[in-house]
Amino acid sequence: MTKIKKIYYSIGEVAQMLQVNDSLLRFWEKEFDCISPQKSKGGTRTYTENDIKNLRLVYHLVKEKGMTLEGAKKRLKNNMSESSRTYEVINHLKNIREELLNIKQELEFLEIKDTTEKIQNHTQGNA
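Residue numbers (this note's numbering): 877 to 1003.
It is possible that some hints are incorrect.
Stated by the list, open to error - Below, simulated BS3-like cross-link-like pairs (lysine-lysine); rule was C-alpha separation at most 25 Å, straight line: (1) K980 - K970; (2) K953 - K881; (3) K953 - K906; (4) K980 - K994.
Worth flagging that the hints you see were computed from the coordinates, not collected in a lab.
In this text the structure is predicted, and so the values were computed from the model without any measurement.
Hey, can you work out the whole structure from these sequences and the hints?
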């Protein structure tokens, strides 16, 4: 079954996706021009997929690469598309690595299971 994507996400949903506090998202919104969620008259923020993509990029630069806010701002201002592509490639490689580790675990499990069955068969044959 295909998961239906939402058009807008609340600040709480986005904070949970990134595992950060709502306040950090509001702070980054002030610091980075590329983050501009829509706001209702009551001030409720709604984030689009593009906003989330930009937040993930900021998160990558600041939290994962350890860049300062000024360094991340400069990187995004001078080279937003290249930074975005680089992040996407890194993210894709992480997903491939995770899948390979899952395959390795499954193979190790099957190897242990096969060895156990051989031992049991051998033991039963000698009994």
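Right, here's what the structure says about each hint:
no., hint, in the structure
1, K980 - K970, "holds (15 Å)"
2, K953 - K881, "violated (29 Å)"
3, K953 - K906, "holds (15 Å)"
4, K980 - K994, "holds (21 Å)"
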